[in-house]
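Number of protein chains: 4
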Amino acid sequence: MINVGIIGAAGYTGQTLLSILLSHKHVNVAAITSATFEGQSLSNVFPVFAGTKKPLVFEKPDYDSIVKRCDTFFLCLPHRESMEAAAKLLDAGKVVFDLSADFRLKDHAVYEKWYGVTHTKKDLLASAVYGLPELHGDKIKNASLVAVPGCYPTSAILGLAPVLGESFIDKSSIVINSVSGVSGAGKKAMGDFMLAELEGNFYAYGAPSHRHTPEIEQEFSALTGEKTMVTFIPHLLPTTRGIYTTITAKLTEDKTSGEILNLYKSFYSGSRFVSVHDTFPRMKWAIGSNRLYVSAMADERTSTLIVTSTIDNLVKGASGQAVQCFNIRYGFDEKVGLGYE
Amino acid sequence: MINVGIIGAAGYTGQTLLSILLSHKHVNVAAITSATFEGQSLSNVFPVFAGTKKPLVFEKPDYDSIVKRCDTFFLCLPHRESMEAAAKLLDAGKVVFDLSADFRLKDHAVYEKWYGVTHTKKDLLASAVYGLPELHGDKIKNASLVAVPGCYPTSAILGLAPVLGESFIDKSSIVINSVSGVSGAGKKAMGDFMLAELEGNFYAYGAPSHRHTPEIEQEFSALTGEKTMVTFIPHLLPTTRGIYTTITAKLTEDKTSGEILNLYKSFYSGSRFVSVHDTFPRMKWAIGSNRLYVSAMADERTSTLIVTSTIDNLVKGASGQAVQCFNIRYGFDEKVGLGYE
Amino acid sequence: MINVGIIGAAGYTGQTLLSILLSHKHVNVAAITSATFEGQSLSNVFPVFAGTKKPLVFEKPDYDSIVKRCDTFFLCLPHRESMEAAAKLLDAGKVVFDLSADFRLKDHAVYEKWYGVTHTKKDLLASAVYGLPELHGDKIKNASLVAVPGCYPTSAILGLAPVLGESFIDKSSIVINSVSGVSGAGKKAMGDFMLAELEGNFYAYGAPSHRHTPEIEQEFSALTGEKTMVTFIPHLLPTTRGIYTTITAKLTEDKTSGEILNLYKSFYSGSRFVSVHDTFPRMKWAIGSNRLYVSAMADERTSTLIVTSTIDNLVKGASGQAVQCFNIRYGFDEKVGLGYE
Amino acid sequence: MINVGIIGAAGYTGQTLLSILLSHKHVNVAAITSATFEGQSLSNVFPVFAGTKKPLVFEKPDYDSIVKRCDTFFLCLPHRESMEAAAKLLDAGKVVFDLSADFRLKDHAVYEKWYGVTHTKKDLLASAVYGLPELHGDKIKNASLVAVPGCYPTSAILGLAPVLGESFIDKSSIVINSVSGVSGAGKKAMGDFMLAELEGNFYAYGAPSHRHTPEIEQEFSALTGEKTMVTFIPHLLPTTRGIYTTITAKLTEDKTSGEILNLYKSFYSGSRFVSVHDTFPRMKWAIGSNRLYVSAMADERTSTLIVTSTIDNLVKGASGQAVQCFNIRYGFDEKVGLGYE
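Chains as they are written, first to last, in our numbering: chain X, 1 to 341; chain F, 1001 to 1341; chain D, 2001 to 2341; chain S, 3001 to 3341.
Since the hints were derived computationally from the structure, they do not count as laboratory data. Some hints here could point you the wrong way.
Said to hold, decoys possible - Derived lysine-lysine pairs resembling PhoX-like cross-links, with alpha carbons at most 25 Å apart:
hint, chain 1, residue 1, chain 2, residue 2
1, D, K2188, S, K3054
2, S, K3054, F, K1335
3, F, K1094, F, K1139
Stated by the list, open to error - Here are some, though not all, of the chain X residues that point toward chain D, as calculated from beta-carbon distances under 10 Å:
hint, residue
4, S41
5, S43
6, L338
7, Y340
Said to hold, decoys possible - Label pairs and their computed distance ranges (CB to CB):
hint, chain 1, residue 1, chain 2, residue 2, range
8, S, K3122, F, G1186, 32 to 42 Å
9, X, D91, D, K2025, 35 to 45 Å
10, F, G1186, X, K54, 57 to 67 Å
11, D, K2122, F, T1279, 52 to 62 Å
12, F, G1191, X, K68, 28 to 38 Å
13, F, D1138, S, S3127, 58 to 68 Å
14, F, D1138, S, M3001, 27 to 37 Å
15, S, S3269, F, S1023, 18 to 28 Å
16, X, N262, F, D1192, 24 to 34 Å
17, S, D3192, F, D1192, 31 to 41 Å
18, F, K1053, S, E3300, 53 to 63 Å
We treat Cβ as the ideally placed atom computed from N, Cα and C, and that holds for glycine.
Take the sequences, apply the hints, and build the full model.
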């Protein structure tokens, strides 16, 4: 059994982690922290956890007191808070899965530009592994610090990865339209996210300077072998969970949908959490699972590649992916705790 | 043209009033106030009003500056703020339609008990008219101060009014289960009303001490001629607008659904905003309109009266009813501005 | 491993059973049937099951061909179809968990009156066990035929069971208001259940002759020791899953909320799937789990008991409860496959 | 008063037309037809119309019997049914506003290719006017047959019209991602559109061969002066009403957001139903109104134009636009019946 601590366990990603890890056969949840709920029992704060055998109590996020009890930590903290916490835990010899943005961007200058804050732990960036198992599984095996990807980037990067190395894609023409359920914005009460404002609503936001853009471009560039920029337009969907991403790019050679699809099937033949489809997937398929569903087709009339991909933003887009990384890191079957085994 | 001021025009009832009054052929909206949006134009703050001919700007709620421009005022203020504002405007000779709870309860002691605050304008209570036109139309004609009823009470009182004077109803057995869309809770950002918390959710709240209870009991008692108490259980519905109320009471004599229904049809034969049905109405029928839909039937097997009624909480449950009162007060056709004429 | 067959596996209860049983450590799903999807693979029809290790294919519901492969069967069939299927499977020595209404009512005349069809397997009614583990756990241990309760009855019966034997409840005054998500109506396309009709809608239906009424009265009468009738009013909630039930009854003696609550806590002290609360539970707590959340309080002002209870209609109200019965019948821990163990 | 007939008045566009025309001061609704509801009163079938003064009864769609009573007709019929009906009514000298696709495409071969049916009234195509008032107002004034645009095309065409004649847009790079509420799919019961399937769902469909594509391309080509093709990807939004369209195109010259925005403001300076914004509009602004909200900006980093536009699919995307055309055709103020005047 691995003793696990969850820092910031009362937010949406924290709760999702708990729902996975409390049933994980190789995990003992040894500490959960929350500044807001310190001293209260998990099942009182979140009655959905009423059935848990072990009585858990939220502690204040004090690393000294919990570091001994845990082998590994999942950090569900706001960006910039995470970098300090991770450094302390790494110093103590712990393995860290960070769900914030703090260690995702290799170039600290890019981080500082898009997030508008100074990176105080630049020295850790080199050893941090971008926790996208379908691309970086080998590195995750030996990582001490895993930067779990953002929700939008997971859907976008895995959506286009199979063809980014191909010459028939015009890399300057990539457009990514994504929609996300509102849990991606977190639990803090904000007027815009009230049901009375959102029901029946829909809108674009954040473009063209949404913070997930450089994360997508970093991984895209690694796959294309050249600096690749994208137009990324996120939209708010009036529902709680889920991300749906529609990607287009111009084709510079004639390609059929069948040829494209074969590339996708081949690329993901060994992936246990990706399903490739020849028709558009539906977001609801992904809700509650760690699976990414992706379709790819050629619009031969306009020489355009059309890709759609969908995930649960809180699972494959955050907590499930973190556990997938954890499983790989600790040598467990990748699927333990993540659905039908 | 009547010059109208709307105090607190940026909340949900204020916006709904605007959507009605801006198309009302006898009304000139002469002033709108909002502490939050002072100095900003209506169409900038609420782009839904982009099509209005007249450019309106939110003013700060300063009565001295606006009292001359307006003949009548609609107060969309929190309880306790309303009583002071109303007093000032009445002193200046204006007609006041108050959408708060401050003047609904005739007995200031009842108000103070259920609302937990002192009533500073008790002297106005005697002349205030409870603005339920189907019951108090004659008094509204001559009122200077109209206390527009709460949303739940409108559905409950009109739901049972036709039989409350009948001896075959056991008045000690009345149970009122209501559900309400979340706009009833106002615009203030609160965690419980975020879409991510409410989607797919439903729950009772406030019972048995919800503040609308004494308002229902006051009107019920007037209709029965005896002190009548009710069990009132409100529930939160994961949608924006609408109230649906299900009322049960024991029958002390054998009555058929047909007999009950005839009482309802007779009672509401002259009402232009009430539709009586022999089957359960649907909440969506009422959304956007000033109409109350009501059904009544006898469950002969258990000797129980079952009544359901439904309204739009922001229209017949607040702003529409206020305009209906306004129309009556000023001698206009009751339906002006309130739908198909 | 118990070899399990699911008859009618493509409906909502069938899918929910699959989602539970495919992860159940003592179960091998040996056969799934569907007339509509015969010959198609499970993961093609329902991509949510893409991750299952074992490739399952829908078969036509032909008992001869599947009876040998399975030890036990879950029947997710329309009422009247179930009685014939159950009889065949019982003849073949199988254990049957029937999710239809066919064996819930002990008196075939009551069944025939409320369902309007002839009961062709009356002889099986005596041995059928009503599958509510919190009340009939001992009988379930030895049953060959378990009639899994309806969704509304589960919430109503467990909601009032702790006090139905008490003399301070006026048994003639019980009123049950329930709301249900639309999955309770099944998957068949019907105009009333289209999103465009239901979004923002809410309404009562079926009362006072909804078919779940006699099921509630049968169990209530067993608990009170006298013929007990109820006014049961179901409502349609514009969401997919969940039931919320609000029960009122007159108190014939003075009781405090604390006294009532103690009765509930005592009654459910040994129940692993019931949580007792002193405030109103929220429906979302129950979604996805096999847990019932219940609150009870006295409205001393009107001498009324107010109880609310909530479940997931597809889990504790159907498939989860069926698996709970299965676990009890086969001597497994009651919670296997049903959440945090 | 113009006497108006609505053919197919029981569908969503028919109901929306009724809600507008019953309050239109220059209109007398003289006939409404529905094969399904023949002989039933409007307020019985749709209780939302309970308040209408005039008792309307659905008739069967028999042109001989109603042609004398009406001056003009709105056709809310499936494609191919409309062409025959329009021909008959034009022969009888009536003015026809057709809400189907039958007369939108100037080239019958394009119609026949994308719709898969023969056009039997090709001779009418030349005189039919595409009913987009912001582009073709002058022609609408004198039209006998107005082909009211589709919902997606309205948002896409008006979204890009201000810059389609500009040389700095790469016309081969236009990508249109749209989302639509489900009312666009009509009232017919279909499994995919049940609330239990759609709640929390989202997906692309129809691309790259959705039937609204050639309609967009026809109008785009007219504006660019060259054959212009687009990649059009519609998505289903889990709500009832509204369309939101996000358009991207590569910029071939450096342009600032300010320059782009000025082109939009200038283009729509005389339009009474278009609001131009410098930030992303929200779909809910448009719901219930005949207004289109549009934003335009340059992503200078990637040299990409980003445009978003939003409408109510049933109003500006169908019935409201039809009434706007009607107002223009009959010389009324364009806004009569369509909101704050």
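- prompt: Out of the numbered hints, which ones does the structure contradict?
  reply: Numbers 1, 4, 8, 10, 11, 16, 18, in rising order.
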